[in-house]
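Chemist: What follows is each chain in one-letter form.
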Amino acid sequence: MKPALLIGLGNTLRGDDGVGIRVAERARTRFPELDVLSVHGLSPELAETVAHYDMLMIVDASMVTDGLRVTDVIPATSGEKIRSHAMSPAGILGLAATLYHRVPRRSVLIEVPAAECDFTDALSPRAAGQIDACLELVGSYLVRS
Amino acid sequence: MTTITINPVTRIEGHAKITIQVDSKGVVKDARFHVNEFRGFEKFCEGRPMWEMGGITSRICGICPTSHLITSAKAGDAILAVAIPETAGKLRRMITLAQWLQSHALSFFHLSSPDFLLGFDADPAKRNILGLIAHDKEFAKRGIRLRKYGQEIIEVLGTRKIHTPWAVAGGVREPFDPAKRDYLLSWIPEARDTALMALETIKKIHVKFQNDIPNYGNFRSLYVGLVAPDGALEYYDGRLRVMDGAGNVIADKIDPAEYHEHFGEATEDWSYLKFPYYKPFGYPKGMYRVGPLARVNICDYIDTPLAEAERKQFKAIAGEAETVNNSFYYHYARLIEILYSVEKIEALLNDPAIMGQNIRARAMINQRHGVGASEAPRGTLFHDYWVTDDGLLQKVNLVIATAQNNLAMNRTVRQLAMQYLDGTKLSEGILNRIEAGIRCFDPCLSCSTHAFGMMPLHVQVIDEDHRVLSELRR
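Listed in order, the protein sequences are those of chains A and B. With this note's numbering, letter number 134 in the first sequence gets 134, and the count goes up by one each step, no holes. With this note's numbering, letter number 221 in the second sequence gets 366, and the count goes up by one each step, no holes.
These are computed hints drawn from the structure, not numbers from a lab. Note that this is a predicted model, so its numbers are computed, not measured. Hints may be right or wrong, so weigh each one.
[Said to hold, decoys possible] Quick list of simulated restraints, FRET-style, between CB atoms:
no. : chain 1 : residue 1 : chain 2 : residue 2 : range
1   : B       : A402      : A       : K2        : 26 to 32 Å
2   : A       : R69       : B       : S169      : 48 to 54 Å
3   : B       : E403      : A       : G129      : 46 to 52 Å
4   : B       : I333      : A       : D132      : 44 to 50 Å
5   : A       : R106      : B       : Q502      : 45 to 51 Å
6   : B       : E406      : A       : E33       : 54 to 60 Å
All C-beta atoms, glycine included, are put in the ideal place defined by N, C-alpha and C.
Put together the whole structure using the sequences plus the hints.
Modeler: Written as structure tokens, this is what we have:
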């Protein structure tokens with residue numbers, strides 16, 4: 001198993017929707033030991049990738065949280081959480097467990113508060129102001145793993 | 146009049162809803178496929194340097210970014226007024242086929258197969274990719290591997306899977322890494338086997354659903370797509386051909402740069418998606434279909450042996466008619482294109498020309514206007530740019546494949562609603578059949594934002610006074 005993977009989710013041309021990608025870009029240089037992927041959405045083939053890691057962090061924008069929010073992700077066992085064009089983190093883990101019989105020992109979804117997802121390549125102060133704290137959080141998980 | 150709303154349609158890209166209008170006796174009067182989210186990319190691009198367009202437009206969509214990238218680069222070629230090097234052209238062709246491969250694999254194996262293999266009336270909690278795995282694990286796994294192969298090619302060529310800025314006006318940025326050729330070739334036998342297996346599966350599906358299939362968008366329309374100069378299936382270059390539902394070629398060898406002279410874009414106040422039509426027939430009579438069904442219909446032949454053999458079987462479906470007019474056969478055509486892509490990628494990987502180092506023609510702005518066109522997985526894609534002498538974009542028009550199928554998708558929804566809906570009695574099976582009609586086209590809407598959170602399927606039955614009579618969520 002490889003140590004840790006961070007997946008940044010989003011679209012950098014849709015304002016705060018791209019904050020996950022921004023975190024991933026910063027994490028790539030700050031944590032050389034961390035494998036990093038930047039993706040537009042979670043698609044089924046990522047199941048094979050995540051199955052090889054001990055620790056998984058998924059960073060995404062969220063319109064429904066006021067601060068950084070961390071949720072442990074449990075592999076889905078029901079199809080309710082899986083829609084193929086935009087799979088959920090639990091769905092990806094569910095696929096990994098079912099198809100490859102391996103999932104990371106721990107998987108977390110880190111949600112970064114988003115204010116605007118309009119057509120712009122700039123982040124709002126709300127989202128931009130959370131990037132450093134998010135990176136600190138990522139670092140703390142790496143130390144623990 | 147009662148309105149039934151299905152909102153949003155699931156397992157397609159983006160957000161849409163369907164409304165079905167029935168009278169007091171429960172007879173379907175009309176049905177519409179609405180797109181709710183506004184696409185603002187065209188305005189977003191204005192004022193930016195033309196050179197940035199590849200990186201920008203490839204972010205329109207997470208499913209077919211490469212198609213936008215390639216088409217944007219071709220519009221850039223036209224503005225520079227250059228003929229790109231042979232190597233660059235072949236590498237662009239390979240990445241276009243890889244895009245077809247990964248997009249078509251997602252559409253067939255993971256979006257549509259749960260309906261086919263588990264049944265339209267299956268429990269929706271099971272009629273999805275996990276249910277598919279429980280039903281046939283190997284099938285689901287092979288679909289994932291096929292999609293991954295397409296992604297691998299895109300990553301090798303473009304240095305990353307999505308939003309790659311690799312293709313540029315005049316060519317491509319990086320040559321092909323010869324060390325990767327054997328690796329990519331090593332996938333070919335498995336990819337070919339998977340394509341052939343899927344084709345065998347779709348033929349069993351045709352038998353299994355022989356009573357349903359005649360209701361899935363079965364009507365004559367025009368078909369539009371690129372074909373090679375000799376009439377072969379084309380995906381990157383070529384000229385536009387228009388064929389009618391009886392198999393007659395009614396226009397041919399249209400320069401894609403003159404698309405606006407032949408095709409108009411109507412709007413309706415109930416949808417953000419435009420309604421393109423063939424101008425000589427007017428709106429809405431000029432309804433046409435693009436994408437796999439159109440491409441396999443309009444070409445004279447396919448220049449790879451296995452796909453050509455399948456094309457002949459496909460054409461035999463039409464019987465005496467020369468055109469396959471049933472939208473359900475989009476799936477079959479899609480699989481033929483997967484097989485074609487595998488054969489063609491193998492040929493390109495074995496072509497010494499892809500190893501060339503001359504990959505980019507450089508020039509200043511030589512034209513103030515340029516059009517790029519290519520065949521995206523869902524159909525013909527146009528990028529039309531107007532620039533200043535300094536290359537700043539003054540106007541951008543993107544004609545996307547999904548919009549070109551808009552009239553036909555609406556007609557398909559109406560046909561399915563009329564066939565399956567009995568009064569206002571909704572069932573999962575009816576809803577899913579109507580959604581499956583839309584999924585034949587594999588529409589890709591404005592899937593450009595991904596803030597966490599997912600909209601559930603929401604169905605409402607509303608009376609003349611807009612009172613909600615019943616509601617269904619899943």
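Chemist: None of the hints should be skipped; say for each whether it holds.
Modeler: Hints and how they fare:
1. Range check, A402/B to K2/A: Cβ separation about 49 Å, and the 26 to 32 Å hint is violated.
2. In this structure, R69/A and S169/B meet the distance hint of 48 to 54 Å, their C-beta atoms being roughly 49 Å apart.
3. E403/B and G129/A have their C-beta atoms about 50 Å apart, which keeps the hinted 46 to 52 Å range intact.
4. A hinted range of 44 to 50 Å holds for the C-beta pair I333/B and D132/A, which are about 46 Å apart.
5. Here the CB-CB span from R106/A to Q502/B is close to 46 Å, well matched to the stated 45 to 51 Å.
6. For E406/B paired with E33/A, a C-beta distance near 58 Å keeps the hint of 54 to 60 Å intact.
When the structure is compared with the earlier hints, a violation turns up for hint 1 alone.
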